[in-house]
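In order, the protein sequences belong to chains A, B and C. The numbering of the first sequence is our numbering, which starts it at 1 and goes up by one. The numbering of the second sequence is our numbering, which starts it at 1 and goes up by one. The numbering of the third sequence is our numbering, which starts it at 1 and goes up by one.
It should be emphasised that the hints constitute simulated quantities derived from the structure, not laboratory data. Treat the hints loosely; a few may be bogus.
[What the hints assert, rightly or not] Cut-off 30 Å, straight-line C-alpha distance, at most; resulting in silico cross-link-like pairs (DSBU-like, lysine-lysine):
id, chain 1, residue 1, chain 2, residue 2
1, B, 132, C, 458
2, C, 437, B, 26
3, B, 26, B, 84
Each chain is listed here by its residues.
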Amino acid sequence: MLTAVTFLTGLSLALATALIAAARLLPGRDDDAVERVERLLPRIQCAQCGYPGCRPYAEALVAGRADVNRCPPGGDATIRALAELLGRDPRPLDPDLGHASMDRVARVDEALCIGCNLCARACPVDAIVGIPHMMHTVIARHCTGCELCLPACPVDCIELVGRHA
Amino acid sequence: MNEDPTPSSARAAPRRFETTAPPHAKPVSSVPRIMRRVLYALAPAAAGYTWFFGYGLIINFVIAAVAAVAAEAAILLLRRRPVKRALLDGSAVVTAALLAFALPPLLPWWIPALGGFVAIALAKQLYGGLGKNLFNPAMVAYVLLLASFPILMTQWLPPRMGDIDYQRLGFVDQLRYSLFVELPPERTVDAYTRATPLDMVKEGLRAQRPFQELRGSSMIGTFGGRGWEWVGNFIALGGLYLLYAGIIRWHIPVAVLAGLLGPALVLHLIDPASYPGPAFHLFSGAALLGAFFIATDPVSAATSDRGRLYYGAGIGLLTYAIRTWGGYPDGLAFAVLLMNAAVPLIDRYTRPRIYGHAER
Amino acid sequence: MLELTPDRRLTGGIRLLANKAQSTAEPILRGLVPPELVIGLHQHRGTSATPIVEVGQRVAKGEPIAVPGPGASTGVHASSSGRVRAIEERLIPTGARLQNAVCVVIETDGEDLPYREATASTWPSDRAAQLELVRRAGIAGLGGAAFPTAAKLEGVAGRCKALIVNGAECEPYISCDDALMREAPEDIVLGVLRMAELVDAPLAIIVIERDKPRAIQAIGDAARALGDPRLRIAEVPTIYPAGGERQLVELLTGEEVPSGEYPISIGYVCQNVGTAYALQRLASSGEPLTSRIVTVTGLGVERPRNVEVPIGTPIGWLIEQCGGYRGDVARLIHGGSMMGYALPSDDLPVTKATSCVLAAAADEIRVDFEEWACIRCGECASVCPARLQPQELVVAAVARDFEDLDTLGLDDCIECGCCDVVCPSHIVLTERFRAAKRAFAQHARRLALSSEAEARHKRRVRRLEATAEDSRAAQEALKANVRADDEAERRRAIQAAVERARQRKRGNIEP
């Protein structure tokens with residue numbers, strides 16, 4: 001009986017030591033959790049989720065402070081991917097967050113544009129070109145559909161159109 | 001562009017056709033076909049077994065099969081899945097057949113019934129049904145029964161070899177025992193049951209008697225236990241048929257036998273008195289049944305050919321270890337379950353290099 | 001030494017019933033002139049050709065009706081004489097699927113009058129001029145993918161270790177290459193040599209599967225008669241898909257085409273024997289591509305055989321020329337039984353990509369699509385010629401797990417269909433992989449988009465920081481200048497102001 005107890009205790013201690021040593025000393029296979037979560041996001045920094053960028057949202061997700069359904073441009077696919085990775089239930093996009101989508105791009109109505117440059121300053125990926133008092137336009141290829149330029153325009157001259165239209 | 005109004009020459013009306021995606025060739029095999037072939041392959045062994053040990057095998061098989069199929073139907077109904085298709089694929093019946101071969105022939109009916117139920121309900125359906133189980137269902141059931149009812153599960157019968165010692169139990173007697181646990185009057189269970197050759201050898205070795213002496217016992221035939229080795233022949237025959245029909249590949253049987261017989265040979269050469277030789281191991285217990293029928297269950301075995309070699313070798317080695325140094329006379333069931341647990345790891349690390357990819 | 005024996009083995013692959021004997025019993029049927037031709041201007045990979053004819057115009061056989069578009073493209077020619085009835089968009093069968101393309105619809109006059117100028121042109125000696133002629137002559141790969149040949153052969157000279165000419169024809173039912181090799185071996189071998197010239201290949205290997213002894217004999221005789229030292233003939237085992245480009249390269253040379261690249265990246269050019277034949281017809285008699293050999297076969301056709309078909313021939317009419325339909329036809333397949341795709345109607349034209357029309361009866365093909373769960377038997381993995389693990393891929397494909405799909409090599413699947421055929425659970429693996437490839441491509445595009453967006457965002461952040469930094473620096477400099485510049489000057493100015501104030505107080509009013 002004593003031998004059995006001693007043997008098992010010794011074995012447990014030995015295995016525990018080996019596992020802890022492996023966890024500390026062996027090179028990690030993957031980047032840390034926040035990296036992996038961030039990679040699933042569209043990374044267009046539109047801040048629609050309520051966080052000032054994709055990384056803060058990723059950090060909040062990993063910390064459990066944010067839900068998986070807060071990324072409109074990522075859409076259903078991103079929600080499901082996040083749910084899968086974090087082991088949570090997927091659910092529909094939070095209805096308060098509108099419906100930005102990466103399949104849509106902004107377009108400046110050149111008849112109305114006054115060249116105030118406010119939209120270009122709002123764009124997180126510099127997809128709008130134009131100098132003050134001159135015509136502005138959106139480079140569709142670089143536009144991610146984040147919709148941050150729409151409220152910025154004082155004359156409401158920006159609309160969303162399909163990316164492949 | 002304007003179309004010229006001149007009509008084209010008259011033609012038969014165009015025919016329409018159904019479309020499906022390629023490839024259009026017919027599949028060459030099917031799951032029911034595989035299951036059927038396994039049952040055919042077991043038929044000679046079943047016949048031999050019945051000749052030597054009576055109808056117990058058949059009775060146990062029928063009970064286990066009924067329990068297995070009933071359990072499958074009940075659970076599929078609960079899961080709201082299509083029942084008929086699953087029942088007709090034959091996998092539950094094959095599991096019951098393998099379980100019946102593993103069980104001793106003289107048993108009360110509720111043991112094979114429980115076994116059939118556990119194999120299907122716990123080891124198969126609970127994991128998700130066909131193709132999803134991690135462990136071999138027949139072995140899970142066998143091990144559960146063995147651990148729970150050790151006396152009953154070691155109640156083996158001697159083979160019919162023309163000895164005076166042999167007490168025959170006819171079909172009716174066996175059936176009566178199975179259903180009512182009653183034996184012919186004035187006899188007890190001890191009058192009928194004997195240890196298996198593996199049992200006898202293991203006990204003998206533990207008592208420090210040399211193997212050569214044990215080998216001379218009337219229980220041991222040319223290679224292994226008398227009667228048992230004949231059944232082993234039939235099993236091997238069935239196994240070779242499966243290989244020929246392409247139902248199994250050679251990797252698992254060869255690896256299991258190599259893993260079992262390799263150490264047996266080495267240790268027997270070093271100390272023939274303490275370690276039985278490979279011939280004995282080959283024809284005793286579940287070695288052949290395990291190598292050809294049990295370890296080759298595709299769902300719970302490794303998937304790649306290289307992985308199968310490791311898987312089979314692991315089973316063979318573990319079986320030898322348990323037989324020689326472990327507590328049970330035969331270790332195949334435990335060996336299989338232990339290697340089943342290792343399969344995801346084996347599969348992960350034995351993927352071949354993809355065409356056009358560099359060596360990682 | 002003419003014979004080249006591959007000493008490598010094909011990984012995977014399966015032996016299938018060839019089903020070719022029924023269509024090779026008779027010689028190739030020639031001289032067909034259908035009542036109508038629907039000739040697609042975009043029936044191949046690359047860019048569409050541009051029409052140069054008008055509705056109502058009379059055209060002769062071999063007359064150019066469209067010139068090559070930019071990039072990889074070829075010209076298109078009238079397959080028979082007649083009048084252009086319409087130029088409109090129609091559905092046509094291309095190499096991989098049905099596609100909408102602008103088509104020139106010609107109502108034939110039955111005369112089959114040849115275009116005068118065709119016989120006049122001679123084969124130039126300059127390689128660039130040769131390629132331009134090939135480009136205009138409408139020659140595309142006749143193995144089934146119909147890639148513009150000139151584009152494929154361009155820029156390859158100097159990089160080519162060997163020209164591999166594919167006469168393997170490993171897919172069941174298709175026998176058009178076999179028939180062509182038996183009937184026109186000299187033209188084929190001459191075409192192969194011209195191709196070898198074009199790509200500057202030191203070696204030209206004609207590959208034929210072992211189950212075509214008559215073709216092997218015929219090509220062998222023709223090659224020996226010519227005695228060109230570059231020629232080789234290789235027999236390959238009758239395993240599907242030994243004739244796949246990547247598999248052939250591995251079989252003949254032991255080298256593997258790197259994932260995501262084409263054989264030319266390791267110095268091999270693969271062409272079909274039919275393309276070599278077309279090239280020879282162009283070089284020797286100036287004939288552009290106006291017809292191809294098509295195998296019309298299957299239990300659903302009365303008289304299966306090989307036919308020399310004008311491009312644009314309606315498939316329904318073509319079948320009538322082979323005795324018409326026989327009994328119930330379960331599928332009408334464009335191509336062979338493994339990689340061909342089913343057509344919804346026979347009111348579609350033959351294109352440069354049509355190697356075979358298979359009218360299959362129900363017992364020839366799969367009609368039941370019920371599946372069981374995967375039992376992990378691993379047969380699919382053992383037959384995969386790309387050494388993939390279909391049983392793992394299908395789990396990742398259904399789950400749309402893109403990371404796993406990438407690791408498992410979804411992109412390397414050649415969609416040969418071997419896995420489907422051996423699967424005992426009857427899982428439609430190849431179709432799952434096709435769907436996954438589409439989803440994967442979409443995912444890859446989004447990933448590229450979002451990676452780009454992230455990069456642009458980072459640049460923007462840096463730009464803003466740099467601008468802020470610059471303006472901060474400028475302000476500092478200004479303040480520093482002011483500070484250093486004139487403490488003294490300021491003191492003087494203050495003094496002057498104080499003086500002025502004093503003066504004002506004393507009553508000297510200053511404006």
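Against the structure, the hints:
1. The straight-line distance between the Cα atoms of residue 132 (chain B) and residue 458 (chain C) is roughly 46 Å, outside the 30 Å bound, and the hint therefore fails.
2. Between residue 437 (chain C) and residue 26 (chain B) the CA atoms are separated by roughly 24 Å; this keeps the pair inside 30 Å, and the hint holds.
3. This hinted pair checks out: residue 26 (chain B) and residue 84 (chain B) have alpha carbons roughly 23 Å apart, not beyond 30 Å.
Of the numbered hints given earlier, the model fails hint 1 alone.
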